[in-house]
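Kindly generate the complete structure, drawing on both the sequences and the hints.
2 protein chains.
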Amino acid sequence: MFHLFFALAAVIVAGRLLGIVFRWIGQPPVIAEVIAGILLGPSLLGAISPAAQQYLLPDSIKPGLEIIAQLGVILYMFVVGLELDLRVMQQRGTAILTTAIASIVVPFALGCALALPMYSAHSASTVPLFNFALFFGAALSITAFPVLARILKDRSMSRSPLGVMALTCAAMNDAAAWCLLAIVVGVAQAEVGWAFAVAGMTLLFIALMFFAVRPIITWLLARLGDEPPPQGVLALIFLALLVSCLATELIGIHAIFGAFLLGAVFPHKSRIAIDLCHKLEDLVTVLLLPAFFAFTGMQTKIGLINGWENWLWCGAIIAVATAGKFGGTFAAARLTGLSWRDSAGLGTLMNTRGLMELIVLNIGLERKIISPTVFAMMVVMAIVTTMATTPILQLLGLKWEENGHDKAAYRNGV
Amino acid sequence: MFHLFFALAAVIVAGRLLGIVFRWIGQPPVIAEVIAGILLGPSLLGAISPAAQQYLLPDSIKPGLEIIAQLGVILYMFVVGLELDLRVMQQRGTAILTTAIASIVVPFALGCALALPMYSAHSASTVPLFNFALFFGAALSITAFPVLARILKDRSMSRSPLGVMALTCAAMNDAAAWCLLAIVVGVAQAEVGWAFAVAGMTLLFIALMFFAVRPIITWLLARLGDEPPPQGVLALIFLALLVSCLATELIGIHAIFGAFLLGAVFPHKSRIAIDLCHKLEDLVTVLLLPAFFAFTGMQTKIGLINGWENWLWCGAIIAVATAGKFGGTFAAARLTGLSWRDSAGLGTLMNTRGLMELIVLNIGLERKIISPTVFAMMVVMAIVTTMATTPILQLLGLKWEENGHDKAAYRNGV
Numbered sequence: 001m002f003h004l005f006f007a008l009a010a011v012i013v014a015g016r017l018l019g020i021v022f023r024w025i026g027q028p029p030v031i032a033e034v035i036a037g038i039l040l041g042p043s044l045l046g047a048i049s050p051a052a053q054q055y056l057l058p059d060s061i062k063p064g065l066e067i068i069a070q071l072g073v074i075l076y077m078f079v080v081g082l083e084l085d086l087r088v089m090q091q092r093g094t095a096i097l098t099t100a101i102a103s104i105v106v107p108f109a110l111g112c113a114l115a116l117p118m119y120s121a122h123s124a125s126t127v128p129l130f131n132f133a134l135f136f137g138a139a140l141s142i143t144a145f146p147v148l149a150r151i152l153k154d155r156s157m158s159r160s161p162l163g164v165m166a167l168t169c170a171a172m173n174d175a176a177a178w179c180l181l182a183i184v185v186g187v188a189q190a191e192v193g194w195a196f197a198v199a200g201m202t203l204l205f206i207a208l209m210f211f212a213v214r215p216i217i218t219w220l221l222a223r224l225g226d227e228p229p230p231q232g233v234l235a236l237i238f239l240a241l242l243v244s245c246l247a248t249e250l251i252g253i254h255a256i257f258g259a260f261l262l263g264a265v266f267p268h269k270s271r272i273a274i275d276l277c278h279k280l281e282d283l284v285t286v287l288l289l290p291a292f293f294a295f296t297g298m299q300t301k302i303g304l305i306n307g308w309e310n311w312l313w314c315g316a317i318i319a320v321a322t323a324g325k326f327g328g329t330f331a332a333a334r335l336t337g338l339s340w341r342d343s344a345g346l347g348t349l350m351n352t353r354g355l356m357e358l359i360v361l362n363i364g365l366e367r368k369i370i371s372p373t374v375f376a377m378m379v380v381m382a383i384v385t386t387m388a389t390t391p392i393l394q395l396l397g398l399k400w401e402e403n404g405h406d407k408a409a410y411r412n413g414v
Numbered sequence: 001m002f003h004l005f006f007a008l009a010a011v012i013v014a015g016r017l018l019g020i021v022f023r024w025i026g027q028p029p030v031i032a033e034v035i036a037g038i039l040l041g042p043s044l045l046g047a048i049s050p051a052a053q054q055y056l057l058p059d060s061i062k063p064g065l066e067i068i069a070q071l072g073v074i075l076y077m078f079v080v081g082l083e084l085d086l087r088v089m090q091q092r093g094t095a096i097l098t099t100a101i102a103s104i105v106v107p108f109a110l111g112c113a114l115a116l117p118m119y120s121a122h123s124a125s126t127v128p129l130f131n132f133a134l135f136f137g138a139a140l141s142i143t144a145f146p147v148l149a150r151i152l153k154d155r156s157m158s159r160s161p162l163g164v165m166a167l168t169c170a171a172m173n174d175a176a177a178w179c180l181l182a183i184v185v186g187v188a189q190a191e192v193g194w195a196f197a198v199a200g201m202t203l204l205f206i207a208l209m210f211f212a213v214r215p216i217i218t219w220l221l222a223r224l225g226d227e228p229p230p231q232g233v234l235a236l237i238f239l240a241l242l243v244s245c246l247a248t249e250l251i252g253i254h255a256i257f258g259a260f261l262l263g264a265v266f267p268h269k270s271r272i273a274i275d276l277c278h279k280l281e282d283l284v285t286v287l288l289l290p291a292f293f294a295f296t297g298m299q300t301k302i303g304l305i306n307g308w309e310n311w312l313w314c315g316a317i318i319a320v321a322t323a324g325k326f327g328g329t330f331a332a333a334r335l336t337g338l339s340w341r342d343s344a345g346l347g348t349l350m351n352t353r354g355l356m357e358l359i360v361l362n363i364g365l366e367r368k369i370i371s372p373t374v375f376a377m378m379v380v381m382a383i384v385t386t387m388a389t390t391p392i393l394q395l396l397g398l399k400w401e402e403n404g405h406d407k408a409a410y411r412n413g414v
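Going down the list, the protein sequences come from chains A and B.
Residues 1 to 414, numbered by the numbering used here, are exactly what the first sequence covers, in order.
Residues 1 to 414, numbered by the numbering used here, are exactly what the second sequence covers, in order.
Worth double-checking, as some hints may not be accurate.
Identical copies carry no separate label here, and so any pair may be met within one copy or between two of them.
Under the rule of at most 27 Å between Cα atoms (straight-line distance), these lysine-lysine pairs were calculated in the BS3-like manner [stated by the list, open to error]: (1) 269 / 153; (2) 62 / 368; (3) 279 / 153; (4) 279 / 269; (5) 301 / 368; (6) 62 / 301.
Calculated directly from the structure, the hints in this document are not laboratory data.
As the structure is a computational prediction, the values presented were derived from the model and not from experiment.
Structure representation (structure tokens):
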């Protein structure tokens with residue numbers, strides 16, 4: 001326990017300190033925390049002083065760190081689901097729908113294509129090409145809705161037309177990409193004959209959540225009214241969360257899909273959803289997710305990307321990821337009539353991957369779909385694409401609205 | 001992870017179901033959760049069907065369960081500290097002070113005395129008599145402030161003179177007993193020569209928290225004003241919590257003392273203390289503490305108390321615990337002028353041990369101060385003394401005040 005707490009404290013301190021620097025150069029704090037975890041891991045501290053790294057993050061704390069990280073990620077994905085406004089999908093026009101579909105399909109296709117030449121050199125030994133390619137494609141089609149929302153807020157763009165469009169696209173992207181990933185992870189894990197069963201059960205589970213669980217929750221919450229929820233109701237919700245996680249694990253996909261889906265089927269604006277977000281968000285972000293950053297940092301060995309050939313592959317991943325996400329979004333937005341500048345801005349925003357990408361990558365590594373080397377390359381890609389967002393928005397001249405309220409929110413780091 | 005979630009879900013369901021029954025017979029829900037954990041462990045389910053118990057709570061999940069339980073207990077003790085109103089100690093008269101002191105000193109002395117004949121038969125092999133007796137005495141002087149507060153609330157007695165007196169006594173008892181326990185655990189662990197150093201460092205740490213950390217926190221919170229705390233401040237608080245836990249672990253006492261003390265030195269009525277309680281309480285009670293109940297249930301083997309001799313010892317522990325806590329409080333309250341009925345009521349309330357006692361016992365078992373058999377006996381004692389409180393209050397005719405608001409709070413289980 002001592003070392004676990006020590007590691008958590010170290011990652012929180014490093015992440016917050018780096019966060020101050022990053023805020024100053026206009027980068028979202030979550031990237032500072034990701035990088036802090038990597039710097040304290042084998043990639044930097046371990047390379048400089050293996051003894052210091054072994055003291056700070058000894059291998060013995062890995063299981064404990066993983067459990068807190070898992071708990072944190074599950075609660076985090078539940079909150080992301082809760083904050084997702086599914087009604088926008090019904091309200092928005094075909095322009096946004098087209099853009100959102102393009103922002104998944106294009107990177108997925110390009111990712112699958114890139115996986116073909118990478119497979120022989122960089123797949124984990126036991127995984128078939130088909131599964132490797134599917135996972136690779138799905139991993140590239142992730143957009144980090146929370147980081148994107150945060151960047152928009154930091155730039156006071158949340159309520160601008162472009163901001164609303166980006167949030168809507170990202171919400172659709174999130175819902176679709178995680179369902180896609182659930183199927184891909186399930187299929188990638190299963191025997192060939194079993195793959196269809198897994199895909200079928202996943203779709204059935206998603207349908208069940210939307211068409212059976214959602215009406216039940218809506219009905220129950222309507223009965224509860226606007227009172228603060230009693231503890232018995234909270235116990236029921238956490239129980240539903242655990243059961244949803246267990247169901248997804250039984251199907252063979254990952255517990256976080258269950259957590260995300262349960263959050264997504266909650267009525268977005270209900271008193272209890274707002275209350276839960278309010279309660280969980282800070283605790284999860286401040287105390288539990290640092291365990292995830294530390295764990296990911298321990299897993300990430302940038303040193304594995306050695307030699308110019310590996311760095312070329314890493315560059316190719318960044319290029320393909322950006323071409324797919326930015327390019328797909330940009331082209332679709334232009335086709336549906338957006339200006340050059342707004343299309344480029346939308347593409348840049350959708351190219352944000354942040355924490356969500358790391359969650360996906362950890363699943364791939366844990367399930368032995370990708371090798372530690374590819375994991376490291378993809379982590380670099382996630383950091384680069386996320387960090388590129390703010391400077392490019394700046395270059396495009398997509399400025400802040402001068403708005404006293406949002407400026408205050410920016411300063412307070414809300 | 002699958003089994004961990006499954007076990008958590010099972011304990012939550014069992015605890016809540018039993019809680020409904022217990023609420024019906026007027027018992028606090030926390031005792032239902034404690035008993036649910038024990039029933040799912042080796043004591044009942046394991047005796048009936050070892051296979052079912054091994055599926056529900058396999059040994060492989062113990063480390064994971066322990067980490068979530070530890071996290072839950074640390075956050076819980078932090079909240080208990082936050083809710084502790086230390087100012088009452090300065091305001092109240094000598095009557096309450098006398099009663100509070102008696103409610104610690106008498107059970108401590110009687111506990112130490114009982115430890116002498118128990119030592120040869122029931123101590124863990126390596127622990128010296130002195131340490132065993134100290135721990136035994138300290139363990140008997142615990143009062144469960146949260147359960148006591150809950151019982152008072154359930155009976156709408158929180159604002160009656162007796163209720164206020166009981167809460168004040170219990171708050172003083174809590175603060176003093178945990179400091180005493182910290183020293184005892186530290187001393188019990190240390191080599192003979194080192195024991196004084198541990199006791200000294202513990203006192204120094206307590207003094208530091210009250211005379212250095214408390215003013216700093218008060219000053220910082222005053223600067224913050226009544227605004228909702230930004231995330232940076234929350235990060236600082238959780239960091240302080242981790243550092244305080246690390247400091248106590250370094251001294252050789254337990255991390256929960258650090259968590260409790262940090263909570264206790266927070267200004268009780270500050271916006272941030274109320275906000276933190278509100279945020280942490282539900283999540284900790286509903287999601288994390290069930291892991292503690294499951295873990296404690298796995299550790300508790302009632303079957304170890306076999307034969308009439310062991311049950312006699314168990315009865316002796318219950319008798320001595322009650323004689324010390326109830327008797328000491330009752331005598332002191334009578335001497336300072338309370339009525340027979342109120343003195344008996346106060347003694348009964350102070351005899352509530354609940355969850356707090358289990359936290360202490362787990363420390364004793366983990367540090368190998370007490371044997372698994374004594375652990376089981378003490379768990380039985382904690383359950384019996386806690387469950388006796390409500391019926392005895394009923395017998396004494398200490399009725400509810402007919403108060404619409406509190407009745408509503410009772411029904412809602414707030």
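Going down the list of hints, with the structure as the test:
1. 269 / 153: Within. Shortest intra-copy distance 19 Å satisfies the 27 Å Cα cut-off; inter-copy 32 Å does not.
2. 62 / 368: both (17 Å within a copy, 26 Å between copies)
3. 279 / 153: both (21 Å within a copy, 24 Å between copies)
4. 279 / 269: both (15 Å within a copy, 19 Å between copies)
5. 301 / 368: Classified as within; 16 Å inside a copy, 40 Å across copies.
6. 62 / 301: within (15 Å within a copy, 30 Å between copies)
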